[in-house]
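Residue numbers (the numbering used here), protein chains in the order written: chain A, -2 to 229; chain B, 7 to 106.
Bear in mind the hints are in silico, worked out from the structure with no lab data behind them. Check before you lean on any hint, since a few could be wrong.
Said to hold, decoys possible - Far from chain B, by Cβ distances over 12 Å, these chain A residues were calculated: (1) I8; (2) T124; (3) S138; (4) F149.
Stated by the list, open to error - List of simulated lysine-lysine pairs, DSS-like, C-alpha gap at most 27 Å: (5) K95(A) / K115(A); (6) K1(A) / K121(A); (7) K115(A) / K38(B); (8) K95(A) / K38(B); (9) K95(A) / K121(A); (10) K1(A) / K38(B); (11) K95(A) / K178(A); (12) K1(A) / K95(A); (13) K121(A) / K178(A).
Yeah, the Cβ is synthetic: ideal placement off N, Cα and C, and Gly gets one too.
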Amino acid sequence: MNAKREIADGIRSAMPVIFAAAPFGLLFGALAIDNGFSVFEAVLMSATVYAGASQMVGINLFGDHIAPWLIVLSIFAVNFRHVLYSAVVGRHVGHWSKLQRYFGFFFLIDPQFAEAEKRAEDGKTVTFLWYMSTATAIYASWILEGWLGAVFGKLVANPADYGVDFLLPVYFLGLVMGFRKRPSWLPVVAVSAVASIGAYVLVGSPWHVSLGALAGVLAAAAIGGEPAEAAE
Amino acid sequence: MELSTTTWIILAGAFATYLTRIGGHLVLSRFKTIHPRVNAGLNAVPAAVLTTLVAPAAVFTGPAETATIIVAFVAAFYLPMMAVFVLGWIAVLAFRALIG
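This is chain B alone, in the form it adopts within the complex (with noise of 0.2 Å):
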């Protein structure tokens, strides 16, 4: 079978991304102890990766995006995930029809 030019750039992109989900977990298995200011930086992987997803488009989508981001910010502090995602839906669809 021929294959496309496309679908061998597909293979490759798929291959490099595989190597970035093993990759961590073969370098730090390496390691028989792991330094407390390693083992601090990589509890700090998901908070940190996370906010650099939402950081820019909650300031640079627009207004309504930015007031959606804001509510479920402080509705998290009360409210249960789910909850936050719907109200963050809610949100959104509001504030797009009241400030666009």
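The shape of chain A in the complex, shown without the other chains (with noise of 0.2 Å):
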């Protein structure tokens, strides 16, 4: 396949996704400005924890005066999750160097992992020019929104007047469809429900997540590997 179509497929990926984040991008400026930030510790931010959830996290408690280890301990909750990432998508980039693996994984948040996933999937080589493409898109726009956030904060207006503020479960629930040819994909998806919404109640976010998705995994790894070996 030729670079050119490589670039535009990764940019076309990137698309929807700089599209549901772009409010978060925003507001995340724009609430670390209220929280004491400078303009340059916000993009500082987006540039290089380049995580939207675990950066709210993280401005909200700057606001509450926090032991500092307190607050990065947070980040590592909220991001943990990454860890399944790059095991799950290191198994398709064999083929890159370790220093494009090292270097590449920086970039391997929600979207960029589900991209990456469902390119292999189509039975696509997840290439290092189409995986920085889409990298690149979606980072650039991310920092971007961060310091428009972080400058025009003031004059950004209530999200959900516009329904933005709901775009991104809309999108990931997309995403998780995407999905659904994936052996064990039902059975999954419904522990991973089900735990994500009790854990939400008794342990409290960011828990939810890593507890939710620790049970669907392991429900899948109980079903079993390959169908032929199904029977036991």
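Mind docking these for me? Both chains are given alone in their own frames, and the hints should help you get the complex.
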């Protein structure tokens, strides 16, 4: 496949992500300033942590004068699900160099992971060029949104007025549905849904993500691997 | 240059986040073969994780949002991703106007 096509494909994969994440990128910038961040610090956080939910959790804690190590731990807890992502995607990128892997995995956020898995499932090679085209488009717009939100935050109206605050769950649902041909999809989704709702009530956010995901993964492992060895 | 406490916390948070992004690969790449059950678990990761980002939001945000997720869920069996996305957007606006 030629390079031009890989880049175009990569940017096309990024489009709905950029669209769905934009309100959150802007909101992050605006809230960061509200919580006493400088514009530089807001942009720095979007550029280096690069994970929406954990950035929101982080700035909320900054406002409360909590011990620094506890803020770092909270960011780590919210992002812990990422541990699974490089383990999964790593199986499709054996042809990348070591440097490409450790560089590329920096950008392995929820939608990047889902798009990479979708590409592998479609039988296409997850090339470094395709991956970085998607990643660069999402990353650049995320930083730009953080900056715009920080500078013009006061001008951003209530996102709920336009329904954009609920675009991300809709987008994630679309991704979940895209994986429905995979073995054990229905039991995995059912178990993860029930477990995450239960954990959300009993343990609280953000732990419902890790606990719900763990329950779904264990369900899939319990059901088994290849259909051939399903009889047991 | 003097860096603020906030800057240091951000950089430490970024480092912790990077560890989560490479950690899984670091561990898994040490194994020559992957047990079928581990492989089945890994194949379930996208659906499992992404479901947890949808389910509580679908249940606890409000009736309009619950209705939106139901519409998007059904639509996703028949329509491509981008159409589901746009339909979901229209649905959340409509349901909020109708049932709040």
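Hint-by-hint comparison with the structure:
Once the 12 Å rule is applied to beta carbons, I8(A) is consistent with being away from chain B; the minimum gap is 14 Å. With a closest Cβ-Cβ approach of about 17 Å to chain B, T124(A) is found to remain outside the 12 Å limit, as its non-interface label requires. With a cut of 12 Å on Cβ distances, S138(A) stays outside the contact zone with chain B, its closest approach being about 17 Å. Under the 12 Å C-beta cut-off, the non-interface status given to F149(A) relative to chain B holds; the minimum distance is some 21 Å.
Distance hint between K95(A) and K115(A) is fulfilled; the C-alpha atoms sit about 23 Å from each other, no more than 27 Å. Restraint check for K1(A) and K121(A): the C-alpha separation of about 15 Å stays at or below 27 Å, so the hint holds. With a C-alpha separation of about 25 Å, the suggested pair K115(A) and K38(B) falls inside the 27 Å cut-off, and the hint holds. Between K95(A) and K38(B) the alpha-carbon distance is near 16 Å, which keeps this suggested pair within the 27 Å criterion.
The hinted pair formed by K95(A) and K121(A) meets the criterion: a straight-line CA distance of about 21 Å does not exceed 27 Å. Taking the CA atoms of K1(A) and K38(B), the gap is about 35 Å. The hint is violated against a cut of 27 Å. For the hint linking K95(A) to K178(A), the alpha-carbon distance of about 31 Å lies beyond 27 Å, and the restraint is violated. Under the criterion of a C-alpha separation no larger than 27 Å, the hint pairing K1(A) with K95(A) is consistent with the structure, at around 24 Å.
Distance restraint check for K121(A) and K178(A): the Cα-Cα separation of roughly 16 Å lies within the 27 Å cut-off, and the hinted pair is therefore satisfied.
Checked against the numbered hints above, the structure breaks hints 10, 11 and satisfies the rest.
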